[in-house]
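Enquirer: Produce the complete structure using the sequences and hints provided.
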Amino acid sequence: MTALPLHFELPEHMAAEKFLNKLSKKINFQIASEHYATKTFYDSFDWRLYSAGILCELNQSKVASHISLIDRNTGKCLALENQQEVPSFSNQFQDGRLKTQLDPILEMRALLPLCQLPYQIFHINVLNKDQKTTVRIKFEAYENLGSRISLQPLKGYDKAVARVSQLFEKSLELVPTQSSILNSALKLQGRKAKDYSSKLIIKLDPELRADHASKVIYRALLNSIKINEAGTIADIDTEFLHDYRVAVRRTRAGLSQIKNVFPDSVVTKYASFFAWLGQITSTTRDLDVYLLNYKQYKAALPKSLQEDITPLYTFLKQKQKQAQTELATHLKNPNYIKQLLAWEQFLKEPLPEKGCSNAANLTIKELADQRIWKVYKRLIKEANEITEESPAESLHDLRKTCKKLRYLMEFFQNLYPENEIKALIKALKGFQSVLGDFQDYEVQENSLKKFSEEMMANKVESNTFLAMGVLVQYLDSMRNAARHDFTKQYALFKQEENRIVFKSLFAPHIEVKKS
Amino acid sequence: MKVIATYNIKGGVGKTSTAVNLAYLAAQSGYRTLVWDLDPQGASSYYFRVKPKIKGGSKELIAGERELDGLIKATDFENLDLLPADFSFRNLDLVLDTRKKPTQRLKKLLQPLSDSYDFIFLDCPPNISLLSEAIFETSDILLSPIIPTTLSLRTLEQLKTFIKENKLKGLKLIPFFSMADRRKKMHREIMETLSEKHPDILQTAIPYASDIERMGLERMPLGGYTNKSRSTEAYQSLWQEILNAIK
Numbered sequence: 000m001t002a003l004p005l006h007f008e009l010p011e012h013m014a015a016e017k018f019l020n021k022l023s024k025k026i027n028f029q030i031a032s033e034h035y036a037t038k039t040f041y042d043s044f045d046w047r048l049y050s051a052g053i054l055c056e057l058n059q060s061k062v063a064s065h066i067s068l069i070d071r072n073t074g075k076c077l078a079l080e081n082q083q084e085v086p087s088f089s090n091q092f093q094d095g096r097l098k099t100q101l102d103p104i105l106e107m108r109a110l111l112p113l114c115q116l117p118y119q120i121f122h123i124n125v126l127n128k129d130q131k132t133t134v135r136i137k138f139e140a141y142e143n144l145g146s147r148i149s150l151q152p153l154k155g156y157d158k159a160v161a162r163v164s165q166l167f168e169k170s171l172e173l174v175p176t177q178s179s180i181l182n183s184a185l186k187l188q189g190r191k192a193k194d195y196s197s198k199l200i201i202k203l204d205p206e207l208r209a210d211h212a213s214k215v216i217y218r219a220l221l222n223s224i225k226i227n228e229a230g231t232i233a234d235i236d237t238e239f240l241h242d243y244r245v246a247v248r249r250t251r252a253g254l255s256q257i258k259n260v261f262p263d264s265v266v267t268k269y270a271s272f273f274a275w276l277g278q279i280t281s282t283t284r285d286l287d288v289y290l291l292n293y294k295q296y297k298a299a300l301p302k303s304l305q306e307d308i309t310p311l312y313t314f315l316k317q318k319q320k321q322a323q324t325e326l327a328t329h330l331k332n333p334n335y336i337k338q339l340l341a342w343e344q345f346l347k348e349p350l351p352e353k354g355c356s357n358a359a360n361l362t363i364k365e366l367a368d369q370r371i372w373k374v375y376k377r378l379i380k381e382a383n384e385i386t387e388e389s390p391a392e393s394l395h396d397l398r399k400t401c402k403k404l405r406y407l408m409e410f411f412q413n414l415y416p417e418n419e420i421k422a423l424i425k426a427l428k429g430f431q432s433v434l435g436d437f438q439d440y441e442v443q444e445n446s447l448k449k450f451s452e453e454m455m456a457n458k459v460e461s462n463t464f465l466a467m468g469v470l471v472q473y474l475d476s477m478r479n480a481a482r483h484d485f486t487k488q489y490a491l492f493k494q495e496e497n498r499i500v501f502k503s504l505f506a507p508h509i510e511v512k513k514s
Numbered sequence: 000m001k002v003i004a005t006y007n008i009k010g011g012v013g014k015t016s017t018a019v020n021l022a023y024l025a026a027q028s029g030y031r032t033l034v035w036d037l038d039p040q041g042a043s044s045y046y047f048r049v050k051p052k053i054k055g056g057s058k059e060l061i062a063g064e065r066e067l068d069g070l071i072k073a074t075d076f077e078n079l080d081l082l083p084a085d086f087s088f089r090n091l092d093l094v095l096d097t098r099k100k101p102t103q104r105l106k107k108l109l110q111p112l113s114d115s116y117d118f119i120f121l122d123c124p125p126n127i128s129l130l131s132e133a134i135f136e137t138s139d140i141l142l143s144p145i146i147p148t149t150l151s152l153r154t155l156e157q158l159k160t161f162i163k164e165n166k167l168k169g170l171k172l173i174p175f176f177s178m179a180d181r182r183k184k185m186h187r188e189i190m191e192t193l194s195e196k197h198p199d200i201l202q203t204a205i206p207y208a209s210d211i212e213r214m215g216l217e218r219m220p221l222g223g224y225t226n227k228s229r230s231t232e233a234y235q236s237l238w239q240e241i242l243n244a245i246k
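In order, the protein sequences belong to chains U and L.
So for the first sequence, numbering that gives the first Met the number 0 puts the first residue at 0; every next one is plus one.
So for the second sequence, numbering that gives the first Met the number 0 puts the first residue at 0; every next one is plus one.
Honestly, I wouldn't trust all of these hints.
[What the hints assert, rightly or not] Cross-link-like lysine-lysine pairs, in silico, DSSO-like; alpha carbons within 30 Å at most:
id, chain 1, residue 1, chain 2, residue 2
1, U, 61, L, 227
2, L, 106, U, 154
3, U, 225, U, 331
4, U, 25, L, 52
5, U, 21, L, 50
6, U, 154, L, 50
7, L, 50, U, 24
8, L, 72, U, 21
9, U, 158, L, 54
10, L, 72, U, 169
11, L, 52, U, 154
12, L, 1, U, 75
13, L, 246, U, 98
14, L, 72, U, 158
15, U, 137, L, 227
16, U, 158, L, 50
17, U, 128, L, 227
18, L, 1, U, 98
19, L, 52, U, 128
20, L, 52, U, 158
[Claimed, not checked] Among chain U residues calculated to face chain L with C-beta under 8 Å, some are:
id, residue
21, 129
22, 130
23, 131
24, 132
25, 153
26, 154
27, 156
[Stated by the list, open to error] Simulated DEER-style distance windows between Cβ atoms:
id, chain 1, residue 1, chain 2, residue 2, range
28, L, 63, U, 298, 45 to 51 Å
29, L, 224, U, 170, 29 to 35 Å
30, L, 181, U, 111, 57 to 63 Å
31, U, 161, L, 181, 48 to 54 Å
32, L, 106, U, 14, 51 to 57 Å
Just so you know, these hints were derived from the structure itself, not from any lab.
For each residue, glycine too, the CB sits at the ideal point set by N, CA and C.
Expert: Below, the structure is given as structure tokens:
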């Protein structure tokens, strides 16, 4: 049995009055309420709610204002609360169903308004001969977007709703729709849902000349830099800067790892520009990370010291604000804008008929194979040399090599069979995380020591330093655990199964002649 | 899920209007609420404009051949559903008697609804029978409206004795005055003396009022057609007292 259509679109020429007039000839109903309202849709910049099948709406009228979460597929209301405005972050909601549903999906991302739609709403009750409501109808007439009608079935009145649904479709010629009014509104803005994702998706033709393909990759990364720039400057949430930095780092990795496709002078010039961008954004990101970790830090302390760590939060917050202001100044500087524009211009320029080097004239698939295979071999060599006694630096160096390999695999992902490359990236990710933890805990330990010196000047209570000391110890134990875990994680990554796939995907094929 | 039965051995004491109006208030404050009209006269079904008829009648219902959930009707009010009466309910006693453990029967039937509702109100027929025993076994609260007359008091005491003798430990009896007429001297006097003798009687008394009687004309709970009156306030404070009594 196919599901009964419950949501309909009205033909554009049919106004509310005309429809109600037509309806009154067919069924007995009563208009329970009628008013003007505004609907604003919200989501995070990376469409987390939409991707989870949820729409978040703020509906405001003279009589009421409420936030609701709607199941995108069924139109069912999942949670509703009376509120005047939508808080930026899920943790700013009152305790309740809205918060419990939003929190795990949004995490640290802010809710932003997507579009605001003025509309007229009629609540209509379909009545039986006892004047009992058997079906509820919600009629929403939007400016410029036509009208939408939804049927709300009532328990125990299945036949009634089936009758009305059929009446709409057959006699009144309404068109059943599954797509939300949000999709129509976005279309009007020239946008579409999920038009941003922090994931790198680059479609490359394997036969494309390497230098051409490199430009395609850099253009995608530049786009990500530009798109996250405003949110980074405005400090809407931590992830704008994070995505911005990831794109910068990927560009840098590209410039160093997709070797020899552009003239050296170009590479040197922009490598230093992007290195500078990495540097001016790092302090803010580090502080963001400490603030995001703060809950975890607090939980790691014994109960008796948990409140004493609060001055650290205040300190971090203040420091972050300062760093953020400096960062915003840099990103508004004409010199930065000029260099970014020059890079954009370079990426737009047509390439010479013949590439500047042998590498530039390869197909991108050939170059990708070569580069990934070489870095993979280097990674294995470096990792094999690591023993229990190796200094921290050799693990840090290995981490850098892992990152290079990861970026290369991500750039060229779509040149390889999806399942296989995804499995390899996943394996690499697992291995990287133990190296990442090892280094991050060390950096955090050192930063905490540095912060405590600075905090001395602020007349902070001794218990706060005690708590920070415990925290340093905790981070140290976590770092040791990560170091200890290295052998196991590396064995997992290095295993034969992965090696065979790496070899089959990237190693040069030696043709065996049949005798 | 809490099951509240509005019950009295006597008829015409305001059981149905209590069930309907309190259920309405519970639903208004966000509790998922169901009214089960167990009275073959179908008065609460009438108030919600729902036909007093269920598929299969009392036989199939008690036999468990039909899940209660499939018989439930949404009312015109948010969070408030109704399980309608059926004329065959006049034989509920006889049908119950054919079952093993008849007094456990309602409890078993309601079990699957425990996740769907916060409150279930049982609107019970008057008299004391096998059905009432089954209701006592199922309910957490026996909400008993009493008209302030000497006869009503006797029935309250009968009920107390019955509960005690049948060792119904899980059942909390909550009596309150209903259809109280402050103009009548006898009502006033009985209410005063009785509150001393039976401190478990709730403070709030539901007045004898014309706007409550109008429910039959309006065919909806009091709150559906009256915004604020002495009667709506009385039901409000009664509901509050009940909520406090059950924590």
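Enquirer: Checking one constraint from the list: CA of residue 72 (chain L) to CA of residue 169 (chain U), max 30 Å. Satisfied?
Expert: holds, 27 Å
Enquirer: Taking 8 Å as the limit, does the beta-carbon of residue 129 (chain U) come near enough to a beta-carbon in chain L?
Expert: Check passed: Cβ of residue 129 (chain U) comes within 4 Å of chain L, closer than 8 Å.
Enquirer: Quick check on the hint: residue 153 (chain U) CB to chain L CB, less than 8 Å?
Expert: holds, 4 Å
Enquirer: Does residue 158 (chain U) pair with residue 54 (chain L) here, judged by a C-alpha cut-off of 30 Å?
Expert: holds, 15 Å
Enquirer: With the threshold set at 30 Å, check whether the alpha-carbon distance from residue 246 (chain L) to residue 98 (chain U) stays at or below it.
Expert: Between residue 246 (chain L) and residue 98 (chain U) the Cα gap is close to 26 Å, so the pair holds against 30 Å.
Enquirer: Does residue 72 (chain L) pair with residue 21 (chain U) here, judged by a C-alpha cut-off of 30 Å?
Expert: Judged against 30 Å, a Cα distance of about 28 Å means the pair holds.
Enquirer: The hint names residue 154 (chain U) as touching chain L; please verify it with the least Cβ-Cβ distance against 8 Å.
Expert: holds, 4 Å
Enquirer: Holds or violated: residue 50 (chain L) and residue 24 (chain U), Cα atoms, limit 30 Å.
Expert: Holds - the C-alpha atoms of residue 24 (chain U) and residue 50 (chain L) are around 25 Å apart, at most 30 Å.
Enquirer: Regarding the pair residue 25 (chain U) and residue 52 (chain L), is the alpha-carbon distance no greater than 30 Å?
Expert: OK: residue 25 (chain U) and residue 52 (chain L) at ~27 Å, within 30 Å.
Enquirer: Measure nothing beyond the straight line between the CA atoms of residue 106 (chain L) and residue 154 (chain U); if it is 30 Å or shorter, mark the hint as holding.
Expert: holds, 22 Å
Enquirer: Given the hint that residue 154 (chain U) pairs with residue 50 (chain L), does the C-alpha gap stay at or below 30 Å?
Expert: holds, 14 Å
Enquirer: Need the status of pair residue 128 (chain U), residue 227 (chain L): alpha-carbon distance at most 30 Å?
Expert: Distance of about 29 Å is within 30 Å: holds.
Hint compliance for this structure: every hint is met.
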